[in-house]
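Required output: the full structure, derived from the provided sequences and hints.
Protein chains in written order, with the numbering used here: chain A, 11 to 535; chain B, -4 to 143.
In case anyone wonders, no lab produced these hints; they're calculated from the structure. Here the structure is a predicted model, which means the values were calculated and not measured. There's no promise every hint is true.
Cut-off 20 Å, straight-line C-alpha distance, at most; resulting in silico cross-link-like pairs (EDC-like, lysine to aspartate or glutamate) [what the hints assert, rightly or not]: (1) B:K94 - A:D189; (2) A:K211 - A:D152; (3) B:K50 - A:D152; (4) B:K52 - A:D152; (5) B:K50 - A:D419; (6) B:K33 - A:E160.
Just so you have them, the derived chain A footprint on chain B, three or more residues with Cβ under 8 Å [claimed, not checked]: (7) 5 to 11; (8) 32 to 42.
From the three backbone atoms N, C-alpha and C, an ideal C-beta is built for every residue, glycine too.
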Amino acid sequence: MNIKKILIANRGEIAVRVIRACRELDIVSVAVYSDADANALHVQLADEAVHIGASPALESYLSQDKIITAAKSTRADAIHPGYGFLSENHEFARRCLDEGLIFIGPSPESMRLLGNKIESREIMLEADVPVVPGFLITDSADEIIQNAEEIGYPILVKAAAGGGGKGMRVVNEADELPDAIESAMRESKSAFGDDSVFIEKMIQNPRHIEFQILGDTHGNLIHLNERECSIQRRHQKIIEESPSPVMSPSLQERMGQAAIRAARSADYQNAGTVEFIIDENENFYFLEVNARLQVEHPVTEMTTGIDLVHEQIKIASGERLSLEQEDVKQFGHAIEVRIYAEDPDNGFLPSSGKILFTQEPKGPGIRVDSGIFSGYEVTVNYDPILSKLIVHAVDRESAIMRMKTALGDYPVLGVKNTVGFLYDIMDNPAFVKGDISTSFIETQTQYSETQYSKSQYSKTQDPISKNPSPQDKNSLDADIAAVCAELSNGSNGHASKSQDISKAPQNTEVWVWQMIGEWEIGGLE
Amino acid sequence: MTVSSPAKVKVAVDDREYNITNVVHNRNEISFILNGEKQRCYIAEYGDDVFVFLKGKQYKFTKPSSFKRKSSSTTDGSVASPMPGNLIALNCVVGCEVKEGDVLAVVEAMKMENPLRAPFEGKVASINYDVGDLVDSGKTIIQIEKLG
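Structure, rendered in structure tokens:
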């Protein structure tokens, strides 16, 4: 292979994932890091590491100059951009090529086309790929308001350069539109350096289903089946699975072919994802192409047996795809959940702090892609993803059981995170039935994407819990946790202290624990 | 360090008592038997706080002595950010009259924006930060006072 050394222009779990692939392929890995990440896992694991600047992403992971310089100075052959940061920046891909570096991803021209929502819509229409109705864009805010009326509310305001829900707003009535546009523009400017926005008719309660594609530089293009990513908060995915609970062979064939047409229309090379939304009547619409490796790529790896990062590197080095469409198989069922440093009881707001203790679950069919460790400091500088837990089992029901068990054995202590929320979802009857849509969290759980807590009290009255007496169960668990806390104090340096506890409640040394919910709400001291 | 106690241990939680046996404490793991059922938890301590992971859920406990009641913005009129981040917008000045729910400021962290709203109708009494400042969670950014 002509790639002997790869610089990974990313951080966190995805940088770790790519470093592992490099090791397997006997390729030297180079990490880059900001001030905040000096002790990060990807820096520890890479063969070499280059400090590229201050903590804000604009001064480090988004600085094209610094990353190119780091690649040149370490004599890397190629750059793997991961996801986020510069991964979908066609100018960066172009610069890599100009500097004689291989960019592990599609060509700059494909990226430019697909990154532009207006142009990509046009080429999709030409390629007979269905698109969402009521699309429109203009540079003038006044025109947007006028045209929104014609399309009819609710509508979505989206960043033209966007993705991952950043810069996206739901607007239910005209009054809300000016604020939504202003804030979408501001968020888009800060996230992507471009403040153009567009609006689109909102498809109510859709499912989000996407197809993984692989294309080589010799014109071969295949899809690796679908991923269902309907469970989202703030329009960002949090649980993904493959196959989709609603997929049939005929729908898979139709959507898979549409995905390949979409990719071919942009002359797509390397790994990518064609995203669709699909309504209750199996009408599907093209959303966008993510011209990069996806966060949720492991569910495809688990169900097809294909290592997508290996394939990316091989394609980038000019090799032909080793598979044809009929070689792609689907085994069992895989689910991925994302562990974010966020507070599910408080509108999924980001949290920060030190991870005091964490331990990954183990067992058959369990995979953890993680960027954290005990003692790791979570800062507010970057996306709050901490790790991903992926399970694979013979069918969906077994995969859900396996996921629940694994989550129950995945402590991430000291920082608010989504483990408990995800654990609840695995018990949710609607989820277990596969009855999900992008509004699942708001409509089928006690959690809210926007509200400040439905509080631990409403949680104990959770009508959807399958436990016959959830109230008793939850308060007993809280008491058991309190007992643990008490015991930990007892044995903290004084093993005999646990004997003292037996004298309770007369012993005044024993703390009376304050029951303040699963967390002291808001984390305010 | 493993601490194993075959003895019966009685632990009080509020006004409830639990009799437990077979306590095994090994670094960040504690297990014991309660009502014939084995319980396994993970724990970590930080200052006066103890974090416990049990059956998928994280609990945080704080010693009563160090647990200060936080003021509630709906009663005292302080507008604070629930997360640390950058103050990216201020929509009011001292003396502004505001209605309940008005967005007074926007704090951004990890590319996510969080609007801070007025807890009740009133007047802006003070503003403690400027746009561009880094704000801690819980610190009063804007103080609202009731009119009249």
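Hints, verified against the model:
Our distance criterion of 20 Å between C-alpha atoms is met by K94 of chain B and D189 of chain A, whose separation comes to about 17 Å. Among the hinted pairs, K211 of chain A with D152 of chain A is consistent with the structure: their alpha-carbon atoms are about 18 Å apart, no more than 20 Å. A distance of roughly 53 Å separates the Cα atoms of K50 of chain B and D152 of chain A; the hinted pair therefore is violated under the 20 Å criterion. This hinted pair does not check out: K52 of chain B and D152 of chain A have alpha carbons roughly 48 Å apart, beyond 20 Å.
Our distance criterion of 20 Å between C-alpha atoms is met by K50 of chain B and D419 of chain A, whose separation comes to about 7 Å. This hinted pair does not check out: K33 of chain B and E160 of chain A have alpha carbons roughly 62 Å apart, beyond 20 Å. Counting residues of the stretch 5 to 11 of chain B whose C-beta sits closer than 8 Å to any C-beta of chain A gives 6, which meets the bar of three, so the coverage hint holds. Only residues whose C-beta sits within less than 8 Å of a C-beta in chain A count toward coverage, and the stretch 32 to 42 of chain B has 7 of them, enough to reach three; the restraint holds.
Hint violations for this structure: numbers 3, 4 and 6, all remaining hints satisfied.
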